[in-house]
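Trainee: Starting from the structure of chain A, add chain B where the hints point.
Each chain, written out:
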Amino acid sequence: MLSVDLAARKLELRPGTPVAKAQALYPDLVLMDADPEGDRLGLEKLALWFQHRIAPIVAVDASDGLVLDTTGADHLHGGELPMLKDMVHRMAGAGFRAKAVVADTWGAAHAIARYGRAPIAVVSSGGTASALTDLPVEALRLPSPIIEGLATLGISRIGPLAAMPRAPLALRFGPDVARRLDQAFGRIGEVIVPVRPVDPVEVSRNFAEPIGAAETIAKYIGKLVPLLCQGLDERGQGVRRLDLLLHRVDSRTEAIRVATAMPVRDVKRLTRLLCEKIETIDPGFGIERMVLIAPLAEPMDRRQTMSSLIAEEEADVSDLIDTLANRVGTQALYRFAPVESDLPERSFCRVPALAPEETKDWPEHWPRPTRLLARPEPVQAMAELPDQPPLFFIWRGVRRKVKCADGPERVFGEWWKNDAELTIARDYFRVEDTSGERFWLYRAGDGEHGETGSQGWFLHGIFG
Amino acid sequence: MTAEIHKKPGLETLRAAISRLEGHSDRRRTVLPFGVREIDARLPGGGLALGALHEVAGGGNDALHSAAAGQFCAGIAARTRGKVLWIVTRQDVFAPSLKQVGLSARRTIFVEAGSDVDVLACFEEGLRHGGLGAVVAEVARLSMTASRRLQLAAETSGSLGLAIRRWRRQTDAADFGQPTASVTRWRVSVLPSVPLPAPGVGRPRWLLELIRARAGECADFEVEACDGKGRLSLPATMADRPDQEAAGQRRASA
Numbered sequence: 001m002l003s004v005d006l007a008a009r010k011l012e013l014r015p016g017t018p019v020a021k022a023q024a025l026y027p028d029l030v031l032m033d034a035d036p037e038g039d040r041l042g043l044e045k046l047a048l049w050f051q052h053r054i055a056p057i058v059a060v061d062a063s064d065g066l067v068l069d070t071t072g073a074d075h076l077h078g079g080e081l082p083m084l085k086d087m088v089h090r091m092a093g094a095g096f097r098a099k100a101v102v103a104d105t106w107g108a109a110h111a112i113a114r115y116g117r118a119p120i121a122v123v124s125s126g127g128t129a130s131a132l133t134d135l136p137v138e139a140l141r142l143p144s145p146i147i148e149g150l151a152t153l154g155i156s157r158i159g160p161l162a163a164m165p166r167a168p169l170a171l172r173f174g175p176d177v178a179r180r181l182d183q184a185f186g187r188i189g190e191v192i193v194p195v196r197p198v199d200p201v202e203v204s205r206n207f208a209e210p211i212g213a214a215e216t217i218a219k220y221i222g223k224l225v226p227l228l229c230q231g232l233d234e235r236g237q238g239v240r241r242l243d244l245l246l247h248r249v250d251s252r253t254e255a256i257r258v259a260t261a262m263p264v265r266d267v268k269r270l271t272r273l274l275c276e277k278i279e280t281i282d283p284g285f286g287i288e289r290m291v292l293i294a295p296l297a298e299p300m301d302r303r304q305t306m307s308s309l310i311a312e313e314e315a316d317v318s319d320l321i322d323t324l325a326n327r328v329g330t331q332a333l334y335r336f337a338p339v340e341s342d343l344p345e346r347s348f349c350r351v352p353a354l355a356p357e358e359t360k361d362w363p364e365h366w367p368r369p370t371r372l373l374a375r376p377e378p379v380q381a382m383a384e385l386p387d388q389p390p391l392f393f394i395w396r397g398v399r400r401k402v403k404c405a406d407g408p409e410r411v412f413g414e415w416w417k418n419d420a421e422l423t424i425a426r427d428y429f430r431v432e433d434t435s436g437e438r439f440w441l442y443r444a445g446d447g448e449h450g451e452t453g454s455q456g457w458f459l460h461g462i463f464g
Numbered sequence: 001m002t003a004e005i006h007k008k009p010g011l012e013t014l015r016a017a018i019s020r021l022e023g024h025s026d027r028r029r030t031v032l033p034f035g036v037r038e039i040d041a042r043l044p045g046g047g048l049a050l051g052a053l054h055e056v057a058g059g060g061n062d063a064l065h066s067a068a069a070g071q072f073c074a075g076i077a078a079r080t081r082g083k084v085l086w087i088v089t090r091q092d093v094f095a096p097s098l099k100q101v102g103l104s105a106r107r108t109i110f111v112e113a114g115s116d117v118d119v120l121a122c123f124e125e126g127l128r129h130g131g132l133g134a135v136v137a138e139v140a141r142l143s144m145t146a147s148r149r150l151q152l153a154a155e156t157s158g159s160l161g162l163a164i165r166r167w168r169r170q171t172d173a174a175d176f177g178q179p180t181a182s183v184t185r186w187r188v189s190v191l192p193s194v195p196l197p198a199p200g201v202g203r204p205r206w207l208l209e210l211i212r213a214r215a216g217e218c219a220d221f222e223v224e225a226c227d228g229k230g231r232l233s234l235p236a237t238m239a240d241r242p243d244q245e246a247a248g249q250r251r252a253s254a
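These protein sequences, in sequence, are chains A and B. Letter 347 of the first sequence, counting from 1, is numbered 347 in the UniProt record's numbering, and no numbers are missing. Letter 21 of the second sequence, counting from 1, is numbered 21 in the UniProt record's numbering, and no numbers are missing.
With a Cα cut of at most 20 Å, we get these calculated SDA-like pairs of lysine to any residue:
1) A:K403 / B:G202
2) A:K277 / B:V117
3) A:K277 / A:D69
4) A:K401 / B:G60
5) B:K8 / B:P44
6) A:K360 / B:S104
7) A:K401 / B:G202
8) A:K277 / B:G114
9) A:K99 / A:E44
10) A:K85 / A:A98
11) A:K403 / B:G60
12) A:K45 / A:D61
13) A:K99 / A:V67
14) B:K229 / A:W366
15) A:K401 / B:P192
16) A:K403 / B:G200
17) A:K403 / B:P195
18) B:K229 / A:P363
19) A:K277 / B:D118
20) A:K403 / B:S193
21) A:K401 / B:S193
22) B:K229 / A:H365
23) A:K277 / B:S115
24) A:K401 / B:N61
25) A:K403 / B:L207
26) A:K360 / B:G102
27) A:K268 / B:S157
28) A:K277 / A:L245
29) A:K401 / B:G200
30) A:K277 / B:E124
31) A:K99 / A:G78
32) A:K277 / A:P226
Taking CB as the label site, the calculated pair distances span:
33) B:R148 / A:D266: 28 to 38 Å
34) A:A94 / B:P199: 51 to 61 Å
35) B:G131 / A:E384: 46 to 56 Å
36) A:G222 / B:V117: 24 to 34 Å
37) B:G131 / A:L385: 50 to 60 Å
38) A:M262 / B:R148: 30 to 40 Å
39) A:P378 / B:R169: 17 to 27 Å
Rather than coming from a laboratory, the hints here were simulated on the basis of the structure. No residue lacks a Cβ here, since even glycine has one placed at the ideal position from N, Cα and C.
Looking at chain A on its own, in the form it has when it is part of the complex:
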């Protein structure tokens, strides 16, 4: 058997068990013929999807995985860990149980993803060696005769194998063992040959002499982008993702990816987005080929500009949004939109900066504080029951006497979302202390019934 599903795994069936044995144990076992060609095509499709979504350099790894070079692309997804979580989550949504690992080298990531315990892991640079030590030698992408040979010698883990002298190993098993070890530990490079999207808009330029200076790279970006835009113009498309691949003389590939919020075909704007990323490139001994490719392009309509008769047109800020998003990440750029909820912390959500404008708005019956604390801070307070504002309260060690107050504004728990909130209530008060500072306090509970909350006081916001 090549592969088993979760239910079979629970029955102690493992890949490698002979089919006859498995059938003898479980006569009603469902068997399906392996389809390596179908798997490969499926993986290639998945690789293309990852190329659209995540990073420019994606390749199929062995028979059951993908390898991505996420350098210079993880910031678009909020960092390495959120990116992995997003990937695994999306795979789970499609019905696959996936594991994802970021490591310094392809070899290490391959090994830890397949033989490590955690489904999501980020191996810090420098921690590669210690992370690999305890893994089995199967993780090294070696052919099975070598694995068996190593088992005969009593070597099952990578740690002891890496500590052995190289010469006898090479004599017995050939150069593969040393090569795979060096690749995993990052002593020699390994080239990822990316999958190619179907029929992309692509322009490239070869250099007789390798280039390396930032100004030179910028100059050639400035020459490639107009060509790309011309290609896009012919198809009536604009780019959403733009990759610049720089092939170095030592056969490594550096990549820059920029993303845009809306389809773009503007030469100046794309050049600027790419040029801002030049500092992230390591040209090494020089770059001999530059490829500019648009893996994700969308139809772009020509839009009629509004007549100034009705209203002055608002300036277009989408280019600024793109510039900022490529710097801080798309998640860090948002607007707030109203959510229909009486609980302050649930009354808003974040929407993309260029999302269509919503028509709803927050009700304006009550003043709302300028700052809302991330979580309400407990304060000591004395108040008359059941519904009087506090006479004084102590917050962060400072005792404040309340001079005047507005309230209570009673907020009930959202029982339609959560059973535990059925009886919950909060009484909000806007209070002003003797020095004039204004705060938003609430009591957890209605001041009469114990089941409505702890009756403790909390500070939730600060008014200007």
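Mentor: Below, chain B alone, put in the same frame as chain A:
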């Protein structure tokens, strides 16, 4: 005060000469007036200069929370046209409150930058763009170099830049005394609200200190906080008298 200047052509030419020496003679001096005569009269040009960087800090405990300073800036931003970029390091702006000073959530784009360096970079980028109504950024440290870059970016594009100085610790707030290239510098402190005849909290009041104004003088104002359209106003006791005077003069001249 402005009326006096118009009477003295010598002073006016001297001013023009100075602004030419400063190297931005071709700049269009457009301003965003507060709509409060007492405040606008103290500001060169009769309002908050557009195409310039302004600093705002909270006084007392507000140096840490920037609740009043934030509301003050939101009120200014609400009176501009176009989108508003609001850059923070840790997000605690409560969006419904912006709405209550007239700054719609549809207009406000938030940027959550990872560090102060990123905040300044985004701030400069936003100012350089020129299509925004106002750019608001919450920064702790603002060096002379950084503020000069921001000021130049604002000058070239004509955008309004508002730096809310907000510190993590009260002791860091002394940083506000350091010189920067901003055109005006404000401190907003909360005052007890307008007393009401019934129990309750009245309209909030602020002590608005104009600590520094380029080509202007310092001043203090006791104002009532921004209303639903972002406008400040002077408390009635102060505002009435000059109005009465002006009305009297009009009557007398008629």
